[in-house]
Amino acid sequence: MTMRSLRLRLIVLAIVWTTVAIIVAGFVISSLLRNFVEHTFDEALSATMVAVMAGTEFDQAGNLVISNSVVDPRFDQPLSGWYWQLNNAQEVLSRSRSLWDVDLGLAVAEPDGTITTQEVGGPGGEMIRRMARDFTVPGGTQRLRVIVAMPVAVIDEEVASVVEPLIVSLLLLATGLSLAIALQVHFGLAPLQRLGRYLAEVRRGDRERIPPQTYSEIRPIAKELNALLDHNQSVIARARTHVGNLAHGLKTPLAVLENEIAARNEGCNGRLAEVSATMNRLIRHHLRRARSAAAHGILGARTPVRATLDDLLPVFKGVYADRAISISVTSLGDAFFAGDRQDLEEMLGNLIDNACKWAASTVVIHATNSANSVEISVSDDGPGMSKAQIDAARSRGVRLDEAKPGSGLGLAIVDDLVQLYQGQLSLTAGASGGLDAHLTLPRVN
Amino acid sequence: MRALAVEDDPRIAEQLRQALTMAGFAVDVAHDGEEGEFLGSTETYDVVVLDLGLPKKDGLSVLESWRRAGRTVPVLILTARDDWSEKVRGFRAGADDYVVKPFRMEEVVVRCRSLVRRAAGHATSELTCGALTLDTQLAIITFNGLPLKLTAFETRMLAYLIHHAERPITRTELSEHLYERDTDRDFNSIEVIIGRLRRKIGRDMIETIRGQGYRLSAGGGETR
Numbered sequence: 001m002t003m004r005s006l007r008l009r010l011i012v013l014a015i016v017w018t019t020v021a022i023i024v025a026g027f028v029i030s031s032l033l034r035n036f037v038e039h040t041f042d043e044a045l046s047a048t049m050v051a052v053m054a055g056t057e058f059d060q061a062g063n064l065v066i067s068n069s070v071v072d073p074r075f076d077q078p079l080s081g082w083y084w085q086l087n088n089a090q091e092v093l094s095r096s097r098s099l100w101d102v103d104l105g106l107a108v109a110e111p112d113g114t115i116t117t118q119e120v121g122g123p124g125g126e127m128i129r130r131m132a133r134d135f136t137v138p139g140g141t142q143r144l145r146v147i148v149a150m151p152v153a154v155i156d157e158e159v160a161s162v163v164e165p166l167i168v169s170l171l172l173l174a175t176g177l178s179l180a181i182a183l184q185v186h187f188g189l190a191p192l193q194r195l196g197r198y199l200a201e202v203r204r205g206d207r208e209r210i211p212p213q214t215y216s217e218i219r220p221i222a223k224e225l226n227a228l229l230d231h232n233q234s235v236i237a238r239a240r241t242h243v244g245n246l247a248h249g250l251k252t253p254l255a256v257l258e259n260e261i262a263a264r265n266e267g268c269n270g271r272l273a274e275v276s277a278t279m280n281r282l283i284r285h286h287l288r289r290a291r292s293a294a295a296h297g298i299l300g301a302r303t304p305v306r307a308t309l310d311d312l313l314p315v316f317k318g319v320y321a322d323r324a325i326s327i328s329v330t331s332l333g334d335a336f337f338a339g340d341r342q343d344l345e346e347m348l349g350n351l352i353d354n355a356c357k358w359a360a361s362t363v364v365i366h367a368t369n370s371a372n373s374v375e376i377s378v379s380d381d382g383p384g385m386s387k388a389q390i391d392a393a394r395s396r397g398v399r400l401d402e403a404k405p406g407s408g409l410g411l412a413i414v415d416d417l418v419q420l421y422q423g424q425l426s427l428t429a430g431a432s433g434g435l436d437a438h439l440t441l442p443r444v445n
Numbered sequence: 446m447r448a449l450a451v452e453d454d455p456r457i458a459e460q461l462r463q464a465l466t467m468a469g470f471a472v473d474v475a476h477d478g479e480e481g482e483f484l485g486s487t488e489t490y491d492v493v494v495l496d497l498g499l500p501k502k503d504g505l506s507v508l509e510s511w512r513r514a515g516r517t518v519p520v521l522i523l524t525a526r527d528d529w530s531e532k533v534r535g536f537r538a539g540a541d542d543y544v545v546k547p548f549r550m551e552e553v554v555v556r557c558r559s560l561v562r563r564a565a566g567h568a569t570s571e572l573t574c575g576a577l578t579l580d581t582q583l584a585i586i587t588f589n590g591l592p593l594k595l596t597a598f599e600t601r602m603l604a605y606l607i608h609h610a611e612r613p614i615t616r617t618e619l620s621e622h623l624y625e626r627d628t629d630r631d632f633n634s635i636e637v638i639i640g641r642l643r644r645k646i647g648r649d650m651i652e653t654i655r656g657q658g659y660r661l662s663a664g665g666g667e668t669r
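Protein chains in written order, with our numbering: chain A, 1 to 445; chain B, 446 to 669.
Hints listed in this document are in silico derivations from the structure and should not be mistaken for laboratory results. All of these numbers come straight from a predicted model, not from anything done at the bench. Each hint should be verified, as a subset may be incorrect.
To be verified - Stretch-level coverage of chain A by chain B, calculated; a stretch enters the list once three of its residues show a Cβ under 8 Å from a Cβ in chain B:
1. 315-326
2. 342-356
3. 435-442
Glycine is no exception: its CB is placed at the ideal position from the N, C-alpha and C atoms.
Use the sequences and the hints to build the structure in full.
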């Protein structure tokens, strides 16, 4: 499917229509102008015609007397295109000086008062506009014809002198309209673009929901999108509840079983305890994976690191109250993890729990923002781990010290989650001798 | 020492009752959230073991309502969910410690004991008052380094007195912390037990304060 632009579509359509409208308008206006110019010149020609006719009369003897009353000098220049002539059917009776001895034709018809106007080739080879009228002079019997003519070029020039600026201004109008249309489309579609931006922010986790929209065309879309986000979240919440119920349902009987096994001193105790511990571990592991997988990809996830730490610390202060471990948190700026809060709690909870278990007296947590990730390090002042121990610890379910309480899943869980978020977990020897666990996770920009 | 166990599964509830009784607690058991909430807000306990998944009213709401009402009793929550968010919510609601299901009863007992000790303001697991020493983890009381032979009820009373040494304790307070619910509490039997304890650890360590009650003090034994 090729990508097409709604904006381009709107602009092209609008420009096509305005161009057509402007071209039509240009033709109509210029033909009206031409008519007007021709009409003006026709008036002048008619006046000349009237002057010629007025100077033509019969004297008492019945002879034709012609007194030339046309004074326009253009009729005197030879072959200027401005001509007049008076003729009967046999000969030219009188003509303008511009004609010299050529004539414009000798046909004469029955006078009916009409004036025939036509554009024909003139004697000088140029196009002329000629008007002819047949008439009889009062008192005479001869049918006469008067012809006046002017060069078409003069009309063309006159029309051009008006139409040229007209075309320029129409072109300017078209350009202006196109610009206006482009602007209108740009501003008209801006709310749609804004909606797209909001949606992108929601996906990145910078925003939880799409803010209410002012435009009635977009408001329902925003509402539906928000409903979709809510639905998404409720589906995940439901999945979690199911997982929780399943956990509760399985673990309570398992607890009974384990305690019964412990209470009965029988030969097979060791193996039974081992089996039930394995069951327990498997349940925990798979429930957690199911939960995390459901949570991953939730839209609009944005978890403040500092607040999550603040929520977690009371747990450790309670659980390790007897060991007087001091847990300090330093954070530079506000870091936001682009992911689910429960997952962050899970990763940090396990790392801090490990650190507390092994620490002599101090656990230091440090959170910072880097270019496009959140960096969190948890370090303790305990005995630390060797390279081999670190590798072993990261494989599933290995417990380094069976005497310390724990399910032996902590680091494996953190590893799972870190991979799910395409982050990194590195375990190194810390500055104070203990272990330094360093998390790199995607951040919200 | 009195403990309340709120747990809906009858088998686990019974196991809890046995383990805590063995550990020297007077134990009451509630089987749902409403009953648990009622007991927790009307009786005096030294520690509460509270399951979070309860019928009628869930554990977190029960805990929150106790804390809102100003009950400061230490609470150990039992959670079936092994995720940290559950623990975070528990602590936010006012829990003091947690144990994840499935659990060993020994672990619950150990944690209950240290909660009781911390609530009384003691940082170490060995409490000493004069010649008396209480190992709170093992619930063994020694006198001049030798184990005292005590009945369960005597141990319960002396442990309470050691936890609250140097402080006058009324008979009412004592009876509230020693008897299970619905048992007859009469001050005469408390006097009898006090008398028996005095015979075992010397008359003067437990002082009678007229009109108030008793006080266990380290100096008492030697100065008089």
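### Message
Is the listed coverage of the segment 342-356 of chain A by chain B valid when you require three or more residues with a beta carbon under 8 Å from a beta carbon of that chain?
### Response
holds (count 6)
### Task
Would you check chain B against the segment 315-326 of chain A, counting CB to CB pairs closer than 8 Å, and say if three or more residues qualify?
Held - the segment 315-326 of chain A has 6 residues with a Cβ nearer than 8 Å to chain B, which meets the minimum of three.
### Message
Using C-beta distances, would you say chain B covers the segment 435-442 of chain A, given that this needs three or more residues below 8 Å?
### Response
violated (count 0)
In summary, the one numbered hint that this structure violates is 3.
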